[in-house]
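Asker: Could you put the whole structure together from the sequences, leaning on the hints where they help?
2 protein chains.
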Amino acid sequence: MNVIRQKIKVAYEYPVYFTRGLFTDGNPTFDTCFKSAAAEPHKVMVCIDQGVARVWPGLARDIEMFFAARPSRFELILPILRLAGGEAAKKDWRQVNKILELAAERQVCRHSFLLAVGGGSLLDMAGLAASLIHRGLRLLRMPTTVLAQCDGGIGVKNGIDRYGAKNFLGTFAPPTAVFNDFDFLATLPTAYWCGGLAEAFKVALIKDAELFESLLAGADRLRRREPKTAAAVIEKTARLHLDHIRDGGDPFEFGSARPLDFGHWAAHKLETLSGYRVGHGQAVAVGIAIDTCYASRQGLLDADQRDRILKAMRQVGLPLWAPELRQTDESGDLAILAGIEEFRQHLGGRLAITLPKGIGDRIEVHEIKRAALHDVLDFLEASYAECTP
Amino acid sequence: MNVIRQKIKVAYEYPVYFTRGLFTDGNPTFDTCFKSAAAEPHKVMVCIDQGVARVWPGLARDIEMFFAARPSRFELILPILRLAGGEAAKKDWRQVNKILELAAERQVCRHSFLLAVGGGSLLDMAGLAASLIHRGLRLLRMPTTVLAQCDGGIGVKNGIDRYGAKNFLGTFAPPTAVFNDFDFLATLPTAYWCGGLAEAFKVALIKDAELFESLLAGADRLRRREPKTAAAVIEKTARLHLDHIRDGGDPFEFGSARPLDFGHWAAHKLETLSGYRVGHGQAVAVGIAIDTCYASRQGLLDADQRDRILKAMRQVGLPLWAPELRQTDESGDLAILAGIEEFRQHLGGRLAITLPKGIGDRIEVHEIKRAALHDVLDFLEASYAECTP
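Protein chains in written order, with my numbering: chain A, 108 to 496; chain B, 108 to 496.
Just so you know, the hints here were simulated from the structure itself, not pulled from any lab data. Take the hints with a grain of salt, since some may be wrong.
Which copy is meant is left open, because identical chains are indistinguishable; a pair holds if it fits in one copy or across any two.
Claimed, not checked - The calculated lysine-lysine pairs, modelled on DSSO-like cross-linking and capped at a C-alpha distance of 30 Å, are:
{"id": "1", "residue 1": "Lys464", "residue 2": "Lys343"}
{"id": "2", "residue 1": "Lys418", "residue 2": "Lys476"}
{"id": "3", "residue 1": "Lys335", "residue 2": "Lys114"}
{"id": "4", "residue 1": "Lys418", "residue 2": "Lys114"}
{"id": "5", "residue 1": "Lys418", "residue 2": "Lys314"}
Answerer: Right, here's the structure in full:
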């Protein structure tokens with residue numbers, strides 16, 4: 108028996124920009140990002156979340172004019188695709204296939220770009236398509252929701268839901284660049300606006316007490332969408348998220364590195380149980396409420412800390428309870444409990460749930476005690492039954 | 108405009124073993140690879156190339172017994188899948204989906220394994236499935252052809268052919284381990300045996316004059332499948348291939364790093380033009396013959412070097428011509444010529460074709476001169492029309 112041990116290292120670097128009006132005259136962001144001249148124009152495919160296209164009817168035209176003004180560097184591929192967004196749209200390959208088909212038909216190459224404009228689900232589908240075409244063309248993400256701008260749209264993952272399992276199929280594939288354009292946030296429906304703030308609470312509670320204090324202090328301004336407060340929270344949350352991926356030592360989660368998934372075991376299951384009535388951000392809020400109360404019962408938070416957390420979340424408009432938490436399965440167990448095993452399967456290996464330890468720090472636990480969890484649900488329902496999505 | 112520049116590094120390490128009788132008692136290879144104990148058994152899915160399963164009817168049973176003897180570390184998922192192999196099998200998602208469905212049904216986790224036993228196409232499909240499930244479970248490759256053992260089965264790529272384009276969809280995803288078991292080579296059909304040697308010529312001609320001399324000196328022994336000579340050539344070719352991936356500075360080919368693809372622009376197109384009558388290895392041999400003669404016409408090889416190359420390839424049983432090279436498209440051009448643009452699209456950016464410069468060194472050219480190529484085809488047809496696959 109002979110053996111060759113192959114070792115390879117792959118380095119990724121991508122900028123995450125925070126701007127307003129990316130495609131308007133005088134905004135230097137895009138040209139700053141692509142300042143070196145290309146030998147020949149890069150093909151650019153574009154897909155826009157239908158929900159975004161409806162609220163921003165001039166967007167496609169703006170994008171066409173933007174690239175038409177840069178003919179030596181970019182060749183826009185038409186048509187601009189309008190794809191369904193939202194969690195329900197990523198339950199099969201259909202939207203992804205539309206991108207694959209256009210790429211094949213218009214003969215893009217591995218150095219071509221896919222610009223994806225939309226919420227987290229649209230970006231997940233576009234990211235998967237981009238990572239598969241010629242084994243990976245260049246993805247430009249333009250997240251249009253609070254959630255995507257501070258969390259899902261800036262990281263290294265993509266995916267679609269198949270066989271009833273959240274993100275069952277996907278890849279780790281960093282983008283070439285991310286453009287967070289705050290202008291899009293002005294038109295977000297309330298549920299999306301508030302929902303995105305759940306990810307800010309998530310990272311604050313387990314990593315950054317100062318961010319939590321600013322969420323608490325700014326709760327009313329955040330709820331009212333005061334732009335400066337919101338921009339500061341999004342940028343801070345994004346930075347914490349990016350730092351976590353970079354410094355965790357295992358950005359593609361080969362081993363047992365933990366992504367920032369506090370509150371997510373229940374969130375993923377709640378999304379499914381509700382038939383996607385409850386959006387991801389709102390589901391994360393409910394998941395955080397559950398795990399916060401559970402942490403408190405385990406002595407990791409005192410009652411005052413727990414109540415300050417729930418109060419702040421409530422104040423920005425986040426839900427803390429959903430009636431779907433009472434659904435039972437065939438055996439009479441609470442259906443939400445199956446989320447624990449599904450969560451373990453997705454990450455692999457031993458179950459590991461992140462819980463806050465005080466505000467701003469965290470520990471991992473390897474089981475969820477069922478009796479304690481039942482008590483937590485009773486408490487939340489009794490206290491916050493009206494705080495539903 | 109603010110910006111955060113995200114930098115991440117991902118390190119991969121995997122062993123490539125060379126052995127015989129991996130699943131037989133007393134072979135320590137597998138246990139050496141997985142010597143650390145697991146907290147709980149890892150699930151293992153297995154898929155076997157139908158062609159291999161036919162010639163090795165006891166293989167599935169051997170694998171079952173092998174894992175049954177290691178219950179604390181592995182839990183074999185049944186059934187063992189028997190999937191169609193060969194290039195034609197990877198032209199859609201069907202075989203890949205069989206793996207995805209079993210993974211979903213049997214609830215594998217990201218730390219579970221997929222063991223794939225077969226030729227390059229089977230490994231490509233299994234690798235794609237493994238890289239997508241939960242964003243990547245652990246792939247064990249067991250290549251069963253000369254070609255896969257020294258080239259396709261040891262690298263970092265996978266893929267399927269879609270929309271008429273070779274490997275249009277795929278990912279870069281290194282395996283967890285590769286087990287090259289020489290026993291499988293004994294039962295290879297002649298075309299596969301010889302075809303695999305084309306990849307040895309490929310790497311020898313552009314990287315290693317010494318390997319070329321040993322191919323020339325050992326041509327008759329290689330044709331007769333003399334085990335020691337074959338094993339040495341396979342191991343040497345594999346090592347050169349792995350070194351190229353590791354040392355090229357861009358293992359996932361984001362920029363313009365060149366994979367080892369001398370002779371491949373024509374090879375990929377010839378496979379398609381022939382409706383896969385011509386296998387990958389044989390197509391590569393014809394592609395090498397074309398680019399060798401072309402390099403000679405461009406003054407990069409002298410006529411003596413060219414003739415020694417063609418002679419050695421012929422002597423091991425490789426084809427140097429295929430009648431499909433004369434097919435024309437609607438406009439009356441040679442259909443093979445479209446392979447040049449398809450090749451450029453897949454790698455992205457500017458066309459770059461690797462040619463030998465003397466034996467054992469190489470240069471890149473950025474165009475193929477049509478008149479010279481026509482002369483080359485005339486020469487090959489006139490001299491080697493009988494050397495067809």
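Asker: The structure should be examined with respect to each hint, and the outcome stated for every one.
Answerer: Results of checking the hints against the structure:
no., hint, result
1, Lys464 with Lys343, "within (21 Å within a copy, 54 Å between copies)"
2, Lys418 with Lys476, "within (25 Å within a copy, 73 Å between copies)"
3, Lys335 with Lys114, "between (46 Å within a copy, 27 Å between copies)"
4, Lys418 with Lys114, "neither (50 Å within a copy, 36 Å between copies)"
5, Lys418 with Lys314, "within (19 Å within a copy, 67 Å between copies)"
In this structure, only the earlier hint numbered 4 is contradicted, and the remaining ones agree with it.
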